[in-house]
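Colleague: Sequences and hints are given; from them, build the entire structure.
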Amino acid sequence: MKETNIVIPSQEIALKTIDMTVNYGKVEALHKTNLSFPKNQISALIGASGSGKSTFLRSLNRMNDKVATVNGQIIFDGININNPKINVYELRKHIGMVFQMPNPFAKSIYDNITYALRYHGVKDKQKLDEIVETSLKKAALWDQVKDDLAKSALDLSGGQQQRLCIARAIALKPEILLLDEPTSALDPISTAKFEETIMELKENYTIIMVTHNMQQAARSSDYTAFFHLGKVYEFDQSSNIFQNPQVELTQNYVEGRFG
Amino acid sequence: MKKTKIALLLILLLVPFLGACSHNKNQLTIVGSTALQPLAEEAGYQYGIKHNVTINVQGGGTGTGLSQVSEKAVNIGNSDLFAQQKQGIDSKKLLDYKVAVVGIAVITNSTSGVKNVTMDQLRNIFAGKITNWKQVGGKDLPIVLIHRSKGSGTRFTFEQDVMHGQPVAGGQEQDSNGSVQKIVAATPGAISYLAFAYANKKNLVKLEIDGVKPTKANVTNNNWKIWSYEHMYLNKKANNQLAKKFINYIESPKIQTSIIEELGYISIHQMKVSKDINGKVHQLKGE
Amino acid sequence: MNAKRIDKIARYAIQTMVAIVALILLALLSYILINGLPNASIDFIFKPSEAIKAGGGIRDQLFNSIYLLVLSMVISLPLALGAGIYLAEFAPNNWLTRLVKTLIEILSSLPSIVVGLFIYLLVVIKWQVGFSILSGAIALTVFNLPLLTSSIQNAFEAVDHKQLEAGLALGMSPWKTIKGVILPITVPSVVMAIILASGRIFGEAAALIYTSGQSAPRLDYGNLNPFSPTSPLNVMRPAETLAVHIWKLNTEGLTADSDAVSAAASAVLIIVVLLFNLMAHYLGNKLERKLTGKK
Amino acid sequence: MKAKAKNQLLKASKATKENVIGQVITFLCATIIVTLTLAIIFFVASRGIRAFVVDHISLGQFLTGSEWNPGTKNAQGQPIAGSLPMIIGSFGVTLLAALIATPFSLAIGIYMTEYASKRMRRLIQPMIELFTGVPSVVYGFTGLMVIVPITRKLFGGTGFGILPGALVLFVMILPTITSMVVDTLQRIPVSFRQAALALGATKWQSIYLIVLRASIPGILTAIIFGMARAFGEALAVQMVIGNSPLLPTNLVSPTATLTSQLTSQIGNTIMNSVENDALWALALVLLLMSLVFNLVAKWIGKRGELK
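Chains as they are written, first to last, in the numbering used here: chain A, -5 to 253; chain B, 894 to 1180; chain C, 74 to 368; chain D, 360 to 666.
Everything labelled a hint here was simulated from the structure, so no lab data went into it. This one's a predicted model, so the numbers in the text were calculated from it and none came from an experiment.
Reference listing, derived: stretches of chain B covered by chain C, where coverage requires no fewer than 3 residues with Cβ under 8 Å from a Cβ of chain C:
{"hint": "1", "stretch": "924 to 932"}
{"hint": "2", "stretch": "949 to 960"}
{"hint": "3", "stretch": "1069 to 1082"}
Quick partial rundown of chain C residues pointing at chain D, CB under 8 Å, derived from the structure:
{"hint": "4", "residue": "91"}
{"hint": "5", "residue": "95"}
{"hint": "6", "residue": "156"}
{"hint": "7", "residue": "175"}
{"hint": "8", "residue": "180"}
{"hint": "9", "residue": "185"}
{"hint": "10", "residue": "191"}
{"hint": "11", "residue": "215"}
{"hint": "12", "residue": "231"}
{"hint": "13", "residue": "247"}
{"hint": "14", "residue": "248"}
{"hint": "15", "residue": "249"}
{"hint": "16", "residue": "268"}
{"hint": "17", "residue": "276"}
{"hint": "18", "residue": "343"}
{"hint": "19", "residue": "350"}
A partial selection of chain A residues facing chain D, derived with a Cβ cut-off under 8 Å:
{"hint": "20", "residue": "71"}
{"hint": "21", "residue": "73"}
{"hint": "22", "residue": "79"}
{"hint": "23", "residue": "80"}
{"hint": "24", "residue": "81"}
{"hint": "25", "residue": "83"}
{"hint": "26", "residue": "84"}
{"hint": "27", "residue": "85"}
Built from N, CA and C at the ideal position, the CB exists for glycine as well.
Modeller: Next up, the structure:
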């Protein structure tokens, strides 16, 4: 059994971190991490709560800026996006995010999707309608809401709201989608539908997902990273992680002995 | 589209503020005694229409009037007192115009059961030596003294003409004729003093002093002792051209007989006596 | 005394107390309306006031009250909105922000006469603005600011911070998210704050006596040029409001029917406040529905 | 990612500028309000201190003396300006009014958030707001015409004093306290109440033990705001307090409050005269008292915070 086992995927890399650390004040919540995420693949981040996986995820699109200090490099399409010169707002057009609790805007379904788009300069009504339709279709929500887009998003069910958040995120056509335990607040049926949706999204989005749900990670992800007490111990293809992990800690966790 | 709607709204709201830069010339600001305010307002309104001048009359009390006109903050300062009678005012800087005379009646609540008192009894009542109406022939009812607030001109005149230097007893102070009027009318055994114009409310009894009724005629010959001038003060150094015209207008017989009478003041021209700063009265040589 | 009985007693006690308050309000309102309404006819509202003769109306005073309310809102709402947002969203959570919040609370507890005299000495006298609507509006702004600012700040803090996160995640700046996403959600409570604030300043008299003055020059409502002294829109003219008029009638009023006019004016003032409340509620709900898309 | 998008990543965009402008504007608004408050406080303090520094009113005598006659001098040549009657008057009126108003506003608050149906709530809300619309002048004169005669009949004397003052103020501050209490109670999540009921608590127990306990800071701030409003009220109190700067012997002996003395005297005094400065000293006391109110509320609020 090895101490750590971090694999560099052979495919094209969409995003990678070099010696990235995250400190909340003096506490180093995340030790040096070097991970490379394959393009148009789903990578799952698993580990006990408080192991630093969400902290890691939130640093990728600079959501931790005010809260923590993130050192080291995050290379996205050849650029180190972990430096003050980067225009964070432009960056987040390329790296979308969906949160644990669904947080649609207190606006209509249509406005939820188009509000950020109009802000980023897409003004033409016809183009907006088109994007709304494609995004909702991709998020498998179109059939249920297509005849009442003016309805308030708050009237939707939890599952539908979360899929609306997905639609809203992909409407900006990001390269990478970050999902922070997206299904932990959803019922099993919506969770299953959600997993199908992201499997289809894989064709044109790189997805990095934090999850507590081991089966979910095994079923729907291509690569998986195991976090423990703020350190990444193993990162490999999901099949290897779940069938024969190289690191003893991963094995214990995967077989549910702790965590 | 939304942006233009908001911009339009903003302009619409800001238009009134443009008016802020206009500060037209023919305007007169008069501040001071609340007793003189109704006269100044009515005369100001009529003068304003005739000569297309805006006359703003504000109250604020004698003290405010005198201090503002000495600082040239306002054109005319209304006062119920001679400037010399007010501490902290440099009367040399001011021009005194007496525009009317105001008589001050002594009023009591109808329950007092008294119609006439002597000047000494009145003095002792306010000095706190007499405390029950039955001591002056009225009902057995404690006397409730109600003074005007310390700085008011009416109070100064009353205490100068009645108390002759004796201090008044403590008691309730009201700062306006209106509240004195209401409180005396409502409180059994209450006594206070009011300008004639305010004293003719139905449930108020106007006391006679030594058999003299508080009427305008008795004031002109000083039979009724409690009265004072209403002064309009100008600042010597200020440009008083418009203010002087307005004061002449008020002192003109036409106004002295119309508005002055209606509002319960006494016209300057009817006075047969004059009173100096320390309250001494002199016969006017045959008017 | 088991818990069940206590529960029932508590419920009845609360209901009786609410009934008592309702009775007090009804008694107060009926006292004012019964005295006031008989002579608050329509033409009473559209007649200029009289200094001496009876039968004066309150046309100019009513207009001044409303005009001053609108002007002071135009000044204080943006300021309060800005300050409220800054304190809720941008201000670092340190002692300075807490000090600012206490200062604003102190501003709200300042007696109106002190504020009136401050504006009088500073604006009316020192800046030579004179007795005018402008000075009155500035004085009223001082009353509006604390109530509006703290209500707006509370409203913004009450909004779930996940909305801000959602906006940021879509590449929107915090300012844009606050303006476009969070502000619409706070509209109802902001409207509520406006109602409370305007209710209070509509009845304010002490501060205006020394700022917007006690004289109401006759206005010519046809003339809308804000520069001429007789135009209602001119902000430099002194303007006695309804509340100040009521105060003057009861203190120095020589008009023959001053009691009747003051009672009628009080009745009109309360009815206007009631109308204002209902309209603001209606507006608040409509705005909320339009902005948040709820049907 | 296309090249154009890549270099956009590196330069400031409309969003960054807009965000900076937004922060600057809101910061400016906050500073304007703070400077305004500081200006007023400095103004009142400077005028108030003049009384002690320029006119040599002794602070001790000022706070403990019970005779208010700044025009005249005492043996040591200091103006007689004892503001104790006014301080007691102000506090008496405010505390009594708050004492009466608190239970009622709590009752309404609880009724509104716990018991009232939607229709009732729609009815009571404008009712409360209407109270704020009534001008203090009308409260004053209604008090003079209604409350004073009643207190005179019940308790004798002139009918003026702390009790009528407190009753008038009770009606005036009720809406302020009630609307803030309702606001605080509504902020308590429904889950708190459900948790209590789930444990078999009666409605009153859930209110008393959970809801009220959790909203103590809000309720206290509401009371403080109400008291601050009562403390600063001038015109209404002046009508019914009796305006005599004497120590109140009981609840119905005429006395004066800091504000009533200020409003009734300020007009007749000349700027920079002794009487005027003495009044500003009263205003300064008023200011300091409201400062104390706020700090006490903050301190209690913090201690009562949800642990």
